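Student: Sequence:
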Amino acid sequence: MVAALGVSGLEKLTHRHAVKLSPPAGVSVEECVLVVGEIVGPRSVKSASRMNRTVVVFMDSTEKADQLVVAGVVIKGALTPVFPLSNPVKKVVVSNVPPFLKNELLLWELSRHERVVSQMRLIPLGSKSPLLGHVVSLRQQVSMVLNNNKEELNLALRFRVDEFDYTVYVTTDSLLLSVLVVGRRAMLSGRARMTRRLIAQSTRPTAQRCARTTRTVEMHSGYSLSKIRSFLRTTKGMRSVQVEGYFPDLQLFQESTKYFMKTGSFGQASFTDQELYRLKKLLLKIRSRPKSAD
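Converting from the sequence shown to the working numbering requires adding 4 to each position, the first position being numbered 1.
Rather than coming from a laboratory, the hints here were simulated on the basis of the structure.
Errors might be hidden in some of the hints.
Claimed, not checked - Below, in silico cross-link-like pairs of lysine-lysine (DSS-like), each with a Cα-Cα straight-line distance of 25 Å or less:
| # | residue 1 | residue 2 |
| --- | --- | --- |
| 1 | K68 | K95 |
| 2 | K289 | K262 |
| 3 | K80 | K50 |
| 4 | K240 | K262 |
| 5 | K16 | K80 |
| 6 | K106 | K24 |
| 7 | K266 | K240 |
| 8 | K94 | K106 |
| 9 | K284 | K240 |
| 10 | K106 | K231 |
| 11 | K240 | K289 |
| 12 | K231 | K289 |
| 13 | K95 | K50 |
| 14 | K24 | K80 |
| 15 | K284 | K262 |
| 16 | K80 | K95 |
| 17 | K68 | K106 |
| 18 | K285 | K106 |
| 19 | K94 | K132 |
| 20 | K285 | K262 |
| 21 | K68 | K94 |
| 22 | K68 | K50 |
| 23 | K262 | K231 |
| 24 | K266 | K284 |
| 25 | K68 | K24 |
| 26 | K16 | K95 |
| 27 | K80 | K106 |
| 28 | K266 | K285 |
| 29 | K106 | K95 |
| 30 | K16 | K50 |
| 31 | K106 | K266 |
| 32 | K106 | K50 |
Unchecked claim - If you anchor each label on the Cβ, the simulated ranges turn out as follows:
| # | residue 1 | residue 2 | range |
| --- | --- | --- | --- |
| 33 | G13 | E167 | 55 to 63 Å |
| 34 | K262 | K240 | 14 to 22 Å |
| 35 | G13 | P102 | 45 to 53 Å |
| 36 | E34 | G13 | 19 to 27 Å |
| 37 | R20 | S141 | 30 to 38 Å |
| 38 | R57 | G81 | 18 to 26 Å |
| 39 | Y250 | G13 | 46 to 54 Å |
| 40 | D70 | E156 | 35 to 43 Å |
None of these values were measured; they are calculated from a predicted model.
Ideal placement from N, C-alpha and C gives every residue a C-beta, glycine not left out.
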């Protein structure tokens with residue numbers, strides 16, 4: 005009777021209830037399940053097994069599966085990404101990224117196109133010299149789920165920073181690899197000119213395609229969203245809040261707040277309705293103050 009009830013409950017699960025992860029070598033399925041259980045609760049794990057060198061775990065709800073995908077898990081001190089079983093996850097390479105371009109802005113812009121399921125990861129320069137082992141390249145990697153069963157992603161994003169334009173190229177890892185492999189074979193066969201043309205067509209969008217895939221994004225360099233949110237939590241319920249005690253530059257505070265009110269964060273609203281109401285009252289209070297004489 006108990007077994008029958010258990011089977012009946014499992015039959016209700018779908019592929020959207022499952023996640024997969026690739027743990028370090030030597031890690032058992034049981035260890036993976038225990039780590040997952042620390043995040044969603046042991047009772048929420050319904051089934052688990054090793055499958056094609058990955059560990060597949062089924063949850064009792066799709067919400068908890070999504071929670072694991074966003075959070076990831078830490079196994080033996082190493083952050084291990086968690087991927088949904090229902091959608092293929094692609095490794096995406098973001099090239100030509102200047103160091104001063106914030107990851108928060110990159111992730112937010114990428115999330116407007118596809119679903120981002122990991123944080124940005126720096127790609128080392130790959131120097132053979134041990135003296136340069138700490139040097140990173142201007143490329144970063146992120147995991148994304150492409151919508152509408154798309155296999156490849158090829159975008160050009162333009163960011164404006166301090167009145168200068170910077171173009172960032174977003175390419176799926178497999179597309180970049182195929183271009184390099186084709187280029188290598190062509191050069192070995194003596195067709196270097198054809199290879200250069202192929203690489204140019206594959207990695208740099210044409211003017212017509214660039215017009216469709218390029219967005220201009222103005223980088224925000226004021227107070228961060230996390231600092232404004234922390235301020236709202238700290239002052240919740242307080243009366244006569246003095247904003248300048250937390251943000252000395254009131255003009256910059258107004259500009260930063262308006263920016264995040266308008267743009268949102270990672271495709272969602274930056275503030276709750278209650279927080280928006282409080283911020284609007286604070287902005288009105290700041291603007292209604294008489295300007296001090298020089």
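Student: Evaluate each hint against the coordinates.
Tutor: Quick rundown of the hints versus the structure:
Note on K68 and K95: the hinted pairing holds, with a Cα-Cα distance of about 23 Å set against a maximum of 25 Å. Using a Cα cut-off of 25 Å, the hinted pair K289 and K262 holds, with the two alpha carbons roughly 15 Å apart. Between K80 and K50 the CA atoms are separated by roughly 23 Å; this keeps the pair inside 25 Å, and the hint holds. In summary, the hint linking K240 to K262 is supported, as the alpha carbons are separated by about 20 Å, within the 25 Å threshold.
Among the hinted pairs, K16 with K80 is inconsistent with the structure: their alpha-carbon atoms are about 33 Å apart, more than 25 Å. Simply put, K106 and K24 have alpha-carbon atoms about 29 Å apart, too far for the 25 Å limit, and the pair is violated. Our distance criterion of 25 Å between C-alpha atoms is met by K266 and K240, whose separation comes to about 22 Å. A hinted pair counts as satisfied when its Cα atoms are at most 25 Å apart, and K94 with K106 qualifies at roughly 22 Å.
Annotation: proposed proximity of K284 to K240 holds, straight-line Cα distance about 14 Å (limit 25 Å). For the suggested pair K106 and K231, the alpha carbons sit about 15 Å apart, so the restraint of at most 25 Å is met. With a C-alpha separation of about 17 Å, the suggested pairing of K240 with K289 holds against the 25 Å cut-off. Proximity of K231 to K289 is assessed by CA-CA distance (about 20 Å); at most 25 Å being required, the pair is judged to hold.
Restraint check for K95 and K50: the C-alpha separation of about 29 Å exceeds 25 Å, so the hint is violated. Proposed proximity of K24 and K80 is supported: the alpha carbons are some 17 Å apart, at most 25 Å. Between the alpha carbons of K284 and K262 the distance comes to roughly 9 Å, so the proposed pair stays at or under 25 Å and holds. Of the supplied pair hints, the one linking K80 and K95 holds, its CA atoms being roughly 23 Å apart against a limit of 25 Å.
A distance of roughly 29 Å separates the Cα atoms of K68 and K106; the hinted pair therefore is violated under the 25 Å criterion. Of the supplied pair hints, the one linking K285 and K106 is violated, its CA atoms being roughly 29 Å apart against a limit of 25 Å. This hinted pair does not check out: K94 and K132 have alpha carbons roughly 28 Å apart, beyond 25 Å. For the proposed pair K285 and K262, the alpha carbon gap of about 13 Å is at most 25 Å, so the pair holds.
Pair hint K68 plus K94 holds up; C-alpha atoms about 21 Å apart against a cutoff of 25 Å. Taking the CA atoms of K68 and K50, the gap is near 12 Å; set against the 25 Å cutoff, the hint holds. The suggested pairing of K262 with K231 holds, with an alpha-carbon distance near 14 Å, which does not exceed 25 Å. Between K266 and K284, the direct Cα distance comes to roughly 13 Å. Compliance with the 25 Å bound is thereby established for this hinted pair.
A C-alpha spacing of about 13 Å is found between K68 and K24, which places the hinted pair at or below 25 Å, so the restraint holds. At most 25 Å may separate the alpha-carbon atoms for a hinted pair to count; K16 and K95 exceed this at roughly 31 Å. For the hint linking K80 to K106, the alpha-carbon distance of about 29 Å lies beyond 25 Å, and the restraint is violated. At roughly 16 Å between alpha-carbon atoms, K266 and K285 fall within 25 Å of each other, so this suggested pair holds.
Restraint check for K106 and K95: satisfied, since their Cα atoms lie roughly 20 Å apart, inside the 25 Å limit. Only pairs whose Cα atoms come within 25 Å are accepted, and K16 paired with K50 is accepted, the gap being roughly 11 Å. At most 25 Å may separate the alpha-carbon atoms for a hinted pair to count; K106 and K266 meet this at roughly 18 Å. For the given pair, K106 sits about 39 Å from K50 by alpha-carbon distance, which is inconsistent with the 25 Å threshold.
For the hinted restraint 55 to 63 Å between G13 and E167, the CB-CB distance of approximately 60 Å keeps it satisfied. For the pair K262 and K240, the supplied restraint of 14 to 22 Å holds, since their beta-carbon distance comes to about 21 Å. Between G13 and P102 the CB atoms are about 52 Å apart, so this pair conforms to the stated range of 45 to 53 Å. Between E34 and G13 the beta carbons are some 21 Å apart, a value that agrees with the proposed interval 19 to 27 Å.
In this structure the hint that R20 and S141 lie 30 to 38 Å apart at CB holds, the actual value being about 36 Å. For the pair R57 and G81, the beta carbons lie near 21 Å from each other, so the given range of 18 to 26 Å is met. Taking the beta carbon of each, Y250 and G13 are about 50 Å apart, inside 46 to 54 Å as hinted. A hinted range of 35 to 43 Å is violated for the C-beta pair D70 and E156, which are about 24 Å apart.
When held up to the earlier numbered hints, the structure conflicts with 5, 6, 13, 17, 18, 19, 26, 27, 32 and 40 and fits the remainder.
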